[in-house]
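Chemist: If you want the building blocks of each chain, they are given just below.
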Amino acid sequence: QKEVEQNSGPLSVPEGAIASLNCTYSDRGSQSFFWYRQYSGKSPELIMSIYSNGDKEDGRFTAQLNKASQYVSLLIRDSQPSDSATYLCAVYGSNSGYALNFGKGTSLLVTP
Amino acid sequence: DVKVTQSSRYLVKRTGEKVFLECVQDMDHENMFWYRQDPGLGLRLIYFSYDVKMKEKGDIPEGYSVSREKKERFSLILESASTNQTSMYLCASTPGQIQETQYFGPGTRLLVL
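If you read the protein sequences in the order shown, they are chains H and Y. Numbered per my numbering, the first sequence spans residues 1 to 112. Numbered per my numbering, the second sequence spans residues 1001 to 1113.
Derived by calculation from the structure, the hints in this document are not laboratory data. For each residue, glycine too, the CB sits at the ideal point set by N, CA and C. The reader is advised that the hints may include incorrect statements.
What the hints assert, rightly or not - Pairs of lysine-lysine, DSBU-like flavour, derived with a Cα cap of 30 Å:
(1) K1003(Y) <-> K104(H)
(2) K104(H) <-> K1013(Y)
(3) K1057(Y) <-> K104(H)
(4) K1070(Y) <-> K67(H)
(5) K1003(Y) <-> K42(H)
(6) K1055(Y) <-> K104(H)
(7) K1018(Y) <-> K67(H)
(8) K1055(Y) <-> K1070(Y)
(9) K1070(Y) <-> K42(H)
Said to hold, decoys possible - These stretches of chain Y come out as covered by chain H in the derived footprint (C-beta under 8 Å, 3 or more residues):
(10) 1035-1049
(11) 1095-1108
What the hints assert, rightly or not - Among the chain Y residues that face chain H by a calculated CB cut under 8 Å, a handful are:
(12) N1031
(13) G1058
(14) L1090
Given the sequences, and given the hints that come with them, work out the whole structure.
Modeler: In structure tokens, the structure reads:
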């Protein structure tokens, strides 16, 4: 019903590598998908939104959506230590109205 | 840029006290939300409001109430604070259409002793 699943991590990648963060959702009717970044002790900040199947690129970030597989991912190219944070996947369900369903987040650690 | 502000970054209260957390947004957004965030539990929706004087319960409304007397301001009230309400509280807002991006305030870390 309100399931947005993420691997909690931590996901550790070396500096300069590609970090791949994954999210699955249970509501097949979901239409809007978001990735937020949250540094420790701070509030979530929007990185990307995606609404259509396929890839959407913004700088070093690429969001990928596959509605048939109910899967959304975030790729971070050329990972930097400053990318170390928790990444939250958020989905509007088909009947959730104004309420955004959040996953519990994946912790990413980029090591120098 | 959307700006969502919260009245306090850190707050320490005693058990049984009445606690007010205030949130203000400056972008004329229709919808405002209150969440709490706890380790391992993620973000949980407490209440939201889609218009002045309108409110809807979220997933965990027990022990909380809200007030929205003006469009830009949404208050969360802990009628009688308890230790299990120690948490990070986050306010967010979105424009009028559904399925819009939520913009978050900086958060209030509340400690109830």
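Chemist: Now tell me, hint by hint, if it's right for this structure.
Modeler: Tested hints:
The hinted pair formed by K1003(Y) and K104(H) meets the criterion: a straight-line CA distance of about 25 Å does not exceed 30 Å. A C-alpha spacing of about 27 Å is found between K104(H) and K1013(Y), which places the hinted pair at or below 30 Å, so the restraint holds. Of the supplied pair hints, the one linking K1057(Y) and K104(H) holds, its CA atoms being roughly 21 Å apart against a limit of 30 Å. With a C-alpha separation of about 39 Å, the suggested pair K1070(Y) and K67(H) falls outside the 30 Å cut-off, and the hint is violated.
Distance check on the hinted pair: K1003(Y) and K42(H) sit about 15 Å apart at the alpha-carbon level, within 30 Å; holds. Distance hint between K1055(Y) and K104(H) is fulfilled; the C-alpha atoms sit about 25 Å from each other, no more than 30 Å. The straight-line distance between the Cα atoms of K1018(Y) and K67(H) is roughly 45 Å, outside the 30 Å bound, and the hint therefore fails. Taking the CA atoms of K1055(Y) and K1070(Y), the gap is near 13 Å; set against the 30 Å cutoff, the hint holds.
Between the alpha carbons of K1070(Y) and K42(H) the distance comes to roughly 27 Å, so the proposed pair stays at or under 30 Å and holds. Coverage of the stretch 1035-1049 of chain Y by chain H holds [criterion: at least 3 residues with CB-CB distance below 8 Å; count 6]. Residues of the stretch 1095-1108 of chain Y lying with their CB closer than 8 Å to a CB of chain H number 9, which satisfies the three-residue condition for coverage. Hint status for N1031(Y) relative to chain H: holds, with the closest Cβ pair at about 5 Å, below 8 Å.
Nearest Cβ of chain H to the Cβ of G1058(Y): about 7 Å, under the 8 Å cut. The hint holds. For L1090(Y), the interface hint holds, the least distance from its beta-carbon to any beta-carbon of chain H being 6 Å, beneath 8 Å.
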